Amino acid sequence: MKESNMDGLQTTATETEQQLEDMAKEMRLANDGLLEQDKGYFCDVRPHRVEPYKGIMESFANWARSQSLWILGFGTGCGAIELRPLMTSRFDMYRYGIQARPTPRQSCVFIIGGYASVKTLKRIVRSYEQMQGPKFVLGLGSCTVNGGMYWDSYNTINRIDQYIPVDVYIAGCMPRPEALLGGFIKLKQMIREGKCEGMNKYIDDFDWYKANQKQIIHDWNMPDYNW
Amino acid sequence: MTHIVLALGFLLVCIGFWGLMTRKEVFRLIISFSLLDTGVHVIMVGIGYVRTGTAPIFDEALAVAGAVGKVVDPVPSALVLTAIVIGLAVTALMLSFAIRLHASRGSLAVDDMKELKW
Amino acid sequence: MMKRLIIILALAAIALGFFPLAMRISGDSGLTALATHYVEAGADELGAANLVTSVVVSYRGLDTLGEVMVLFTATTGVTALLGAGKSKSHKKEKESERDGDGRREGSELLATGAAFLFPILVLFGIYIFLNGHLTPGGGFQGGVVLASAFLLLLFSDCRLELNHALLKGAEAISGAAYVAVGLLGLWLAGGFLDPRFLPAGEFGQLFSAGAIPIIYILIGIKVGSELTGIVDAMRRCS
Amino acid sequence: MVSPLYLIAMLLGAAFLHPLIQNRSKLAGQLVVLVVLGATVAIPLQWLMALDIATMQTVVFQTAGFTAPLSINLQVGVEESLFLVIINGGALFSALYFFRRRTREWEGSVQILLMTLVLGVNGLVLGRDLFNLFVFMEISSLSLYALVATTKTANSYEAGIKLMVAGGIASALFLIGVVFLYRMTGTLNLDDMIANKQLLDNKAGITALFLITASLLIELKPFPANGWGADVYQAADPGVSALTSGTSATAIFFVLYKITPLFGFELLQVVAASGGITFIFSQLLAYKQDSVRRMLGYSSIGQIGLLILVVALGSLYGEAFTTTMFGGIFLLVLLLGGNHLFSKAGLFWMSGITGQHSLGTMRQSKTVRLGPVGAALQGILTSALAGFPPFPAFWAKWIVITALLAFGSYWWASIILIGSLIEAAYLFKWFLNAVKSPVDPGTVHDEVIPEDFPEEPVKEPMAGASPAGIVARIARQSSGGWIAPFMATAVLVACGMLLATMFILRGRISGYRDMVLLLPLAVLVLWTVFDVIRVPFKLQIGLAIICSAGYGLVFLPGLDGIRLVFGLIFIAGSAVQMVPLLNRRGHHRGLAGMLLALVFSLGNLLFASSALEFFFSWELMTITSFFLVVRGRQASGAALRYLVFSLGGAFSILAGLFFGSSPLAALLLGIGFLVKMGTLGLHIWLPGAYAETDDDMSTFFSSVTSKAGLFMLFLLAGLFVQEAIPAGFAAGTRLESLLSGIAFTDLLGWLGVVTAFAGAFLALFKEDIKYTLAYSSMGQVGYMLLSFALMSQLGWMNSLYLAVTHLMFKGMLFVAISGVVYRTKTRLMYQMGGLITRMPITFFTVLIGIIAVSGVPPLTGFGAKWMLYTALIEKGWYLQAALAMFASGIAFLYLFRLIHVIFLGQLKDEHRTVTEAPIWMLIPQVVGIAGIMLYSMYPSLLLKPLEAAVAPFFETTISWDGYTVLSTLGYWNGTAVMYVTMGVFLVPLLWLLIVQRKNTQKVGQFNIVYAAERPYRPETTHFGYNFFAPYEKALGFLHKPLATRFWYRVVSVAEVAGSMVRKLYTGNIQTYALWIVIYTSILLSILQRGM
Amino acid sequence: MNEIMTKAWYTLISLFVITNYGLLLGGTMARVRAKVQGRIGQPVWQPYIDILKNNFKRTGIYHGVMFYLGPVFRLAGGLGTYLFIPAVYGSLVFSNFSFSGDLLLVMYFIFFGQLGMALGAGQSGHPYSPLGVSRGLAQMTAFEVPFALSVIAIAAQYQTLSITEIVAAQQGGILNWVAFTNPLAMVAGMISFLGMSMGNPFSVVIAPQEIPIGPPTEMQSSFLGMLQTNRAIFNGAKLVLFMNLYFGGATNIWIMVIKTFLIYLYTVIVDASFPRFRTDQSIRFFLGTPALIGIAAVVLQML
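Protein chains in written order, with the numbering used here: chain A, 1 to 227; chain B, 1 to 118; chain C, 1 to 238; chain D, 1 to 1091; chain E, 1 to 303.
Only chain A is shown next, with the shape it has when bound in the complex (with noise of 0.2 Å):
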């Protein structure tokens, strides 16, 4: 290749070729967290915006989002201990709609069961990033707001948001599940007005929300976005 661009010939062709290669090249993931060897096991496509539905066809989807939220049942904090009793025949999530599902793939509600630490934020983000959108996130307690009671910890984060965009937070240390039941209405509600795009926002942020993460993720073996 280089050597035809040297001989000046195909000239046309061969610049076309170029653009056509930076726009793909534009599209990947540098993946710079990963050994070379490494890097062919994972989908390197850089995650694009995918705009919502016009008028009442996204009214509807909304609607059957806000009433159909499935939970990730991933426990990133003491405060997780807070959601069990959501099942339980005395609150009865279910009522609302409301499942655990035990994959990020089938979940569409994240919530962060309070502090965050170093080594659980890169799990957040990978669950985060594999979650189908729409998606949301639920801060449960004070310590994803600005970390609570850690703030100065060497081994937590103190803004959940930095990282990951958070749709609903739920103050506390911890919240009873009775807050937590008025998060998720909160949430319905803020769904149903088709106020959660934090999904295409972590897109728009793509790059300021990787810088923050690799800031606090020194040992970052993983692609640049999980798919």
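Hint data in this document are derived by calculation from the structure and do not stem from the laboratory.
These numbers were taken from a predicted model, which means no experiment stands behind them.
Mixed in with the good hints, there may be bad ones.
Stated by the list, open to error - Chain E side only, calculated, beta carbon under 8 Å to chain A, not exhaustive:
#1 Ala34
#2 Arg39
#3 Gly41
#4 Gln42
#5 Gln46
#6 Ile49
#7 Asp50
#8 Leu52
#9 Phe56
#10 Thr59
#11 Gln209
#12 Met219
#13 Gln220
Unchecked claim - Derived list of chain B stretches under chain D, where covered just means 3 residues or more per stretch with a C-beta under 8 Å from a C-beta of chain D:
#14 11-21
#15 31-42
#16 101-108
Just so it is clear, CB atoms sit at the ideal spot from N, CA and C, and this is done for glycine as well.
Chain A is fixed; fit chains B, C, D and E onto it per the hints.
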């Protein structure tokens, strides 16, 4: 007379067998074998014996005419002649085997000849 | 002990098995038909006084030829077996000589006796096979006597080297000549090994019985040289 | 006509004069030997031309100018001439062997001894005078004694002394016997004695006769008085052993044969017993041997025992033997003796040339590995010895067994067959040890997990392609004594071809139908020529494909019904399955010819019109397929099992062919066919043979040859409808009357369904992909057997339907898998994974294949299931139906595993660059897919012809309504099912394509939810090993290889018997002598008691 | 042509009915289960919303062709299984495509969806998917045994394999049902039905946390929606099949609804009241007593 000779022959044969099966040295085996062979020769000669017969050689004492009844059967004699020579040949060969065996193994004991079995 | 018992039992069984054989035969039953024919017509047909010789050399000539062959085979075998060790044993012999532990020299008595007896034995041997068709004896017997003469010689002088080429030559030529005589019989007379291609001559004389004496001479030479060869091979090897 | 006396005189003269010639020129001496020995072959040939063969003319030659009883006479007849040609031919080859070997053993004296030996044996064959025979016996014995010592080792001296003691005893006994016989009959002439046989009809006469017989028997090394014989074989030079076993023993045997007219009934029985015992025990002993030469020695002893047995039985049952074939018993003796002489001598020479000593160490050492020529020679010689067609022993075996069974002598027949089986086992074990690579573990175990895949075979330089090169190569290979086994092989092959022509055509050339049976042989010869002149391999295979297609075009139109169905399977199936071989690079000697011969022998099963023709083709199929299995890299254990089981089955068939239509025939034939099909209990050869064969040929075995047994079942179906135990037989006890109701079809049905279950179940736990498929084939054949056993229209249709479709889908699967193995260089499934992206077409093939195999609608497999269960329920075999359903469920498991573990899951690093299978491997796959799709869409295309094929046998129970086939129970419309399935498949697919049109991202193999972590290695992320662990935990007890264990037990019983028996041979000369005495005395007392 | 159009309409109606019925049944049963646990539970229409939401997902991923086709196979299997069963006896609309094949076809067509799903799950590359598949298939072969025996017993009893004829033979009163004429077959069949519906105690296949719901662990968005749709249809198909086999079938849609509801209720109650078996335990369970009962049923037919 015939029976005595035959019995003697068979006895020799049996002694030969006995020797073959009990003596513990190759050289003695060869001797036993010779005994056995000799027994066989005795039997052969005994077979051809005719009572009051003489050697089937015509000379002054034995005329051609009327010799029948006076001579022993010449056929076994002829046979035994051949048999003896053959026995001799076998013995010679056996002896040379024994010599070679002794040279290579340094022993003629039968119990040392067990390299080959199974 | 057990083994002895088994051996005894086996031998007893064999002996018992032989019993009917021995019982069947008696000296009174006379000659067989074949023997009768030989006795009655043998002398006329072949002209040899010694009936056994007639049977051996002529009627059952093929046996005799085979017999010569057996002996020849044995000689070849012995030579093959012992000949290979020749050079080695020679060396050993020389070494042992140096060590003063060589083969014992034949005694004076033996040496003298051998020198005295050797020509007589040779002569006797020749006599025996020459007269094989007349008197008891024949090629084999003569040959053996010849060989014993050489054996005596070898005993008396341990350094004696026989002329192997001569021995071999004699062996080969006499054997081949025997076959040739047989073939002459086939071409000139009734069949293979038929001695009657030469005139029968006068009954009871030296030159009689057709080619029988010739055959016996050849056999005598052959047997003599072969046995000598065997003895010599064994001597040199051991 | 040349007088035999010249023969003798020439030998004598040459022997006498040889030392003189030798002294002049060594070369001249050697040439004299060769010329003289050549003349000894030429003269009997001249006699043969002069004699009238049809009347077995004999001419008597007198000596010394007198006639017989007076003098010694020689007899020249057809028998003597033929034997002399063989014996002297063997001796001539021996001389060539020694001559070309140029070892130090080849001295002048050895040359003389060789001539004296030949003289002795010629005398033995020609002589009619008992004492003269003794003299010649001594000549040959003495020559042998001396020859034994030619290796000049202490062992050879030891063996020589043992031999001489035994020989001495034998000659003593002979002498005693001869003189007593002379005394009693008054003659030494054999003819006179036979004329005066009545004189010997008393105790003494019998005893004297026995002494002679015993002496001859001892010379022929009877069990147990034969330890010295084995020692000799072990210690002597192989060339000498060849002479001992071939030339000398055959001649002495001929003497025994000559004096059999003297024997009475009792003596014949004793001789037969001795021969039989020797045969069977020698084979047992040989089986246990590690030393090649001792093993061959035992084999020789056994073969001579067999000859003795045959001669004795032949005289006992005279009429049965004489009526069967030309020449009667003599032909048998000639065939067996000649076959043994050349093949055994050839094998001895081979062992000498290649320096093979110990079976145990051969595998480790690389030096004795045989090249292609050596392997071919040893293979042919071994096959000849084991009695495969077309070699003489095969025909002899056929005649003997025919005659014995006709006479009702079942015990002897079974002893001969069992002994032959053991013999084949150890001979081929040796062969395998000699030809297989050191990588090959050679043990007989279930599953090989190869450490690393061996490299591609090194491409042979094609330098020797020019005529000069060929000549040079032949010359190079003929040095070192190769010429001798080569000549022996050539003689055997020529005789085999001749005999095959003679027996198959039987003088009639009524049309090409008879010639077709000989086609496999012609093919073997022709393709061997191709190999020699270096026709490229691809061309060879291409020609083979064309030839099989041509065969199909020419011969198949003449067939109809079931034969046509199987003809298409055998021929068309084979032609397609051969295509993948075109992918091979380099030269593969003998492969194409062997394969084509196999195809033709399979095809010939269709045309066999008599039992002999059938058996000929069957055995030819066995041996050619064995040589194909052997080619597998690690196939020696499997090949051996395959051979032994096939041969055992063939023997069972051979025996069964003579019982008419009795239950016994059904049992024996059934066992034979079931072995070929690999039903449970008889299946342990199957997985190895299918799996360890070269990958591109496994398909051939699994999808084509496994149907041979089924075909024969169909042909002889009438046999199996009867009851297993006839009603009249079982009138007695309650148990028997209970058993008497059981028909063979019931047994076959259960056997079939249990096989189907076991095949599926065993396939479940195999990590080796080819073993999985092999067991799968076993299971499928089980279904075919089950359907066959139903004996109903639907059952048979299903059996045929399965046979056809199994050819397509299992052929496809095996070819696809061979492509995978070819690319990935591994056979272990868990080492693969994710190959769908690399080999999409292959994946698709396998997908179609497994859907078809598992019987999931809408593909063809379901038709088989539908017919099977319908027929089963119609018949009332409910439990069988349930078990079959369970089996098909389990089949589904392993099939899923097959496709998942290979094609789905994680792609391994080393397979990233793997490409799609080569085009030649794709062609059969595409053909298979096309066939399956066609028959899935329109099942009636296949069902209607099958219905027609089965129509003559059963009442119609099914009817047609358009595309719907109606049974008495249900109905099935394959076409409609196909349309509905396509409909319900397309609707969701369209929906998905519309909804997921955009924004659906294809991701990488590690983009999976992994408990919020990432996978690090494909190996640790791929779930493939022990895939059905819970199943193993739940039902693993069924997985125990009970059948294998049973057969191991059988083998170890044989081995233990062998090792116990061989304790008799203490190596002590005196024990040997004792055995001789005991042997003699026991036989003597038996004989005398019998009087 | 007209006939085909009519058949197409009938098919659509039949499918529409069974889909809605299956979904509602699922929702109802979730509520029943909630009641057993002392909860109120989700709305009855929750399955509809879940399917809608999954189809409204904006993004999705797939791992390859088979992953894409897996749910299609699965749904095709469910649809096909249903379409080969005559849902309502004597009804033209609900006779579906039962003329294409008999009971054997239905039994084997069940595998079609299983296979497709397994393939799709396999291509996801997730180790837990094949783990679940392995468990599911292993368990399936085991519960097929009593079911097969029971089916054979019925086929032997009525000498037919046609579902329509089996139903026809059971008409004319409750005592003509297989459940009463051949109770052993019914028992064996109903026990294997527990395994087929994969509720407790045979739910180790989709153990939610151990192997995150097993085979479909990577399925999301419309793929998941499709699987859920199939779940409704396939459930309906199985219920209809068992109703036809053991409980006299249905002469109209309401009887079908009642009977299938009761049959499903039975599985749900068992599901709600039992703990879980390990795979090997359930294999041994099915091959034990239920298989023996099945054999007894078959043997009774042979006598």
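Each hint, compared with the structure:
1. A cut of 8 Å between beta carbons decides the hint on Ala34 (chain E): the least distance to chain A is about 7 Å, and the hint holds.
2. Contact between Arg39 (chain E) and chain A, as hinted, is supported at the beta carbon level, the nearest pair being about 4 Å apart and thus within 8 Å.
3. At a threshold of 8 Å, the smallest CB-CB gap from Gly41 (chain E) to chain A is about 6 Å, leaving the interface hint in force.
4. With its C-beta approaching chain A no nearer than about 4 Å, Gln42 (chain E) sits inside the 8 Å limit, and its interface hint holds.
5. With a cut of 8 Å, the hint placing Gln46 (chain E) at the interface with chain A holds, because the nearest CB-to-CB distance is about 6 Å.
6. At a threshold of 8 Å, the smallest CB-CB gap from Ile49 (chain E) to chain A is about 5 Å, leaving the interface hint in force.
7. Contact between Asp50 (chain E) and chain A, as hinted, is supported at the beta carbon level, the nearest pair being about 5 Å apart and thus within 8 Å.
8. Satisfaction of the interface hint for Leu52 (chain E) is found here, the shortest Cβ-Cβ separation to chain A being roughly 4 Å, below the 8 Å cut-off.
9. A distance limit of 8 Å between C-beta atoms decides the matter here; for Phe56 (chain E) the minimum to chain A is near 4 Å, and the interface restraint holds.
10. Checking Thr59 (chain E) against chain A: minimum C-beta separation of about 5 Å stays under 8 Å; hint holds.
11. Taking 8 Å as the C-beta contact cut-off toward chain A, the hint placing Gln209 (chain E) at the interface holds, the least distance being around 6 Å.
12. Evaluation of the Met219 (chain E) hint against chain A yields a held restraint, the C-beta minimum of about 7 Å falling below 8 Å.
13. With its C-beta approaching chain A no nearer than about 4 Å, Gln220 (chain E) sits inside the 8 Å limit, and its interface hint holds.
14. Coverage of the stretch 11-21 of chain B by chain D holds. Counting CB-CB distances below 8 Å, 5 residues qualify, and the rule asks for three or more.
15. Counting residues of the stretch 31-42 of chain B whose beta-carbon sits less than 8 Å from any beta-carbon of chain D gives 5, enough to reach three: the coverage restraint holds.
16. Counting residues of the stretch 101-108 of chain B whose CB lies closer than 8 Å to any CB of chain D gives 3, so the stated coverage by that chain holds, three being the minimum.
Against the hints set out earlier in the document, no violation occurs for any number.
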